[in-house]
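Asker: In the order they appear, the protein sequences are chains A and B. Under this note's numbering, the first sequence is numbered contiguously, ending at residue 220. Under this note's numbering, the second sequence is numbered contiguously, ending at residue 220.
Among the clues, some could well be false.
Just so you know, same-sequence chains aren't split out, so a pair can sit in one copy or run between any two.
[As the list claims (entries may be wrong)] Keeping only pairs whose Cα atoms sit at most 30 Å apart, straight-line, the calculated DSS-like set for lysine-lysine is:
#, residue 1, residue 2
1, Lys-24, Lys-124
2, Lys-163, Lys-5
3, Lys-169, Lys-124
4, Lys-158, Lys-169
5, Lys-6, Lys-163
6, Lys-124, Lys-158
7, Lys-24, Lys-37
8, Lys-162, Lys-6
9, Lys-158, Lys-5
10, Lys-106, Lys-162
11, Lys-158, Lys-6
12, Lys-124, Lys-6
13, Lys-106, Lys-158
Derived from the structure by calculation, the hints contain no laboratory data.
There are 2 protein chains.
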Amino acid sequence: MKKCIITIGRQCGSGGHTIGKTVAERLGIPFYDKKLVKVVAERSGLSAETVGWEGEYSSASSLFTSVSSRGYSAYNANQRDNMALPDQINAYQTELIKELAEKGSCVIVGRCADYILQGRKDCFHVFITGELPDRAVRVIEEHGITADTARSHVKGRDKKRSSYYKHITDQVWGMAANYDLCLNSSKLGIDRCVDLILGAVGVPEKVCVKGEKRYLD
Amino acid sequence: MKKCIITIGRQCGSGGHTIGKTVAERLGIPFYDKKLVKVVAERSGLSAETVGWEGEYSSASSLFTSVSSRGYSAYNANQRDNMALPDQINAYQTELIKELAEKGSCVIVGRCADYILQGRKDCFHVFITGELPDRAVRVIEEHGITADTARSHVKGRDKKRSSYYKHITDQVWGMAANYDLCLNSSKLGIDRCVDLILGAVGVPEKVCVKGEKRYLD
Numbered sequence: 004m005k006k007c008i009i010t011i012g013r014q015c016g017s018g019g020h021t022i023g024k025t026v027a028e029r030l031g032i033p034f035y036d037k038k039l040v041k042v043v044a045e046r047s048g049l050s051a052e053t054v055g056w057e058g059e060y061s062s063a064s065s066l067f068t069s070v071s072s073r074g075y076s077a078y079n080a081n082q083r084d085n086m087a088l089p090d091q092i093n094a095y096q097t098e099l100i101k102e103l104a105e106k107g108s109c110v111i112v113g114r115c116a117d118y119i120l121q122g123r124k125d126c127f128h129v130f131i132t133g134e135l136p137d138r139a140v141r142v143i144e145e146h147g148i149t150a151d152t153a154r155s156h157v158k159g160r161d162k163k164r165s166s167y168y169k170h171i172t173d174q175v176w177g178m179a180a181n182y183d184l185c186l187n188s189s190k191l192g193i194d195r196c197v198d199l200i201l202g203a204v205g206v207p208e209k210v211c212v213k214g215e216k217r218y219l220d
Numbered sequence: 004m005k006k007c008i009i010t011i012g013r014q015c016g017s018g019g020h021t022i023g024k025t026v027a028e029r030l031g032i033p034f035y036d037k038k039l040v041k042v043v044a045e046r047s048g049l050s051a052e053t054v055g056w057e058g059e060y061s062s063a064s065s066l067f068t069s070v071s072s073r074g075y076s077a078y079n080a081n082q083r084d085n086m087a088l089p090d091q092i093n094a095y096q097t098e099l100i101k102e103l104a105e106k107g108s109c110v111i112v113g114r115c116a117d118y119i120l121q122g123r124k125d126c127f128h129v130f131i132t133g134e135l136p137d138r139a140v141r142v143i144e145e146h147g148i149t150a151d152t153a154r155s156h157v158k159g160r161d162k163k164r165s166s167y168y169k170h171i172t173d174q175v176w177g178m179a180a181n182y183d184l185c186l187n188s189s190k191l192g193i194d195r196c197v198d199l200i201l202g203a204v205g206v207p208e209k210v211c212v213k214g215e216k217r218y219l220d
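I would like the entire structure built from these sequences, with the hints used as guidance.
Answerer: Written out as structure tokens, the structure reads:
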């Protein structure tokens, strides 16, 4: 298989993270999610918590508040100084995601990576959806959210992801036309989503055996 | 394979019609596109041309003009009498699509079938997208549109489909969350789109041989 960068956008609780991780394992290529947050935190001088949150879930108010006015003294200030915090984090994320894409095959979850890498022929953009009840169950099981707040948690996260995505890309989050493949994990199940992604990027079954790590050429 | 109704929404020129037809052929099940228009025309007393156009591409003005005020004397008037023309056509389309879904496995292209059949466990909803240049080429080749108007033709059709879909469903046309599987035919190619749909609905390769018609149980 040729070099392939797979980006994965996902509704909260859809299993997109698990699907991305499994695809990366099956292909034996790096998986970037929290690792990406960590590197951006190191480069920017911001905390991983701030990067993790503001780089994907920024509230409307922080979309218009610059880092300099927030007084992050350790922040590596340059031309990004007068940008709003999420825009500054996005500038670091954009730089890093482009670097990773140059480096080799990988799977990148979230962070508007589909938009950042749009137009590249070596990229494949995936979006994972799911039915609300299933997504609520998943955040209860995987993230310890209480049952009575699970649905509002899921909806709240999606609203924030959507507004951040709109702010950064000026596109509507979750539109099929922005992706190469969109999958409903409730209808298909996690395993079939993984198989369909591998089939879509052209990995022959003999090269990609379930549970076995293989390295791309 | 169990009973399965596959609905296919599609951007203009994305090859969704060809993909749907091929999926139906590979599964040996009926394919409904123009056949559906013909039956609605017979039942409603409207011309096939009117049903074909107003039942998917209605202009904003016709969305608010009732059939009775347009004087279709042959129209089988009942409680639908005071509806706008596209709504009346949609009422017939809805009735017919639900009948077809009850009857057995099939592929239905367009006509908001995904919305009409939403929530049914025996349905699988697909949306096909494509890059604008590829879609323009396809309408030039397949529909004899001139090269200089192909892009505006494609965009115009999509705008109309989108506004009709919004009017009927109160949902945004082309949102990944409304479908089980969305495919970019430019990235994947027509053949791989067909294979991915068959894989997604769980047809084992030995049952579904390319170019060979098989009948579901």
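Asker: Between the shortest in-copy and the shortest cross-copy C-alpha distance, which are at most 30 Å for Lys-24 and Lys-37: within, between, both, or neither?
Answerer: within (12 Å within a copy, 43 Å between copies)
Asker: Classify it for me, Lys-24 with Lys-124: is the Cα-Cα distance of at most 30 Å met within a copy, between copies, both or neither?
Answerer: both (22 Å within a copy, 28 Å between copies)
Asker: Have a look at Lys-163 and Lys-5 and pick one of within, between, both or neither, based on CA distance no larger than 30 Å.
Answerer: neither (35 Å within a copy, 39 Å between copies)
Asker: When no copy is specified for Lys-158 and Lys-169, does a C-alpha distance of 30 Å or less occur within a copy, between copies, both, or neither?
Answerer: both (16 Å within a copy, 22 Å between copies)
Asker: One pair to classify: Lys-158 and Lys-6, alpha carbons no more than 30 Å apart. Within, between, both, or neither?
Answerer: Answer is neither; intra-copy 35 Å and inter-copy 33 Å both fail.
Asker: Within a copy, between copies, both or neither: where do Lys-162 and Lys-6 come within 30 Å Cα-Cα?
Answerer: Close neither inside one copy (33 Å) nor across copies (36 Å); limit 30 Å.
Asker: Have a look at Lys-106 and Lys-162 and pick one of within, between, both or neither, based on CA distance no larger than 30 Å.
Answerer: neither (32 Å within a copy, 39 Å between copies)
Asker: What label fits Lys-6 with Lys-163 when the C-alpha limit is 30 Å: within, between, both, or neither?
Answerer: neither (32 Å within a copy, 39 Å between copies)
Asker: Cα distance capped at 30 Å. Does Lys-106 pair with Lys-158 within a copy, between copies, both, or neither?
Answerer: neither (35 Å within a copy, 37 Å between copies)
Asker: How would you label the pair Lys-169, Lys-124 (within, between, both, or neither) given a Cα cut-off of 30 Å?
Answerer: Within one copy only: 24 Å inside a chain, 33 Å across chains, cut-off 30 Å.
Asker: Which holds for Lys-124 with Lys-6 at a C-alpha limit of 30 Å: within a copy, between copies, both or neither?
Answerer: within (10 Å within a copy, 38 Å between copies)
Asker: Between Lys-158 and Lys-5, at a C-alpha cutoff of 30 Å, which is it: within one copy, between copies, both, or neither?
Answerer: neither (37 Å within a copy, 33 Å between copies)
Hint compliance for this structure: hints 2, 5, 8, 9, 10, 11, 13 are not met, and every other hint is.
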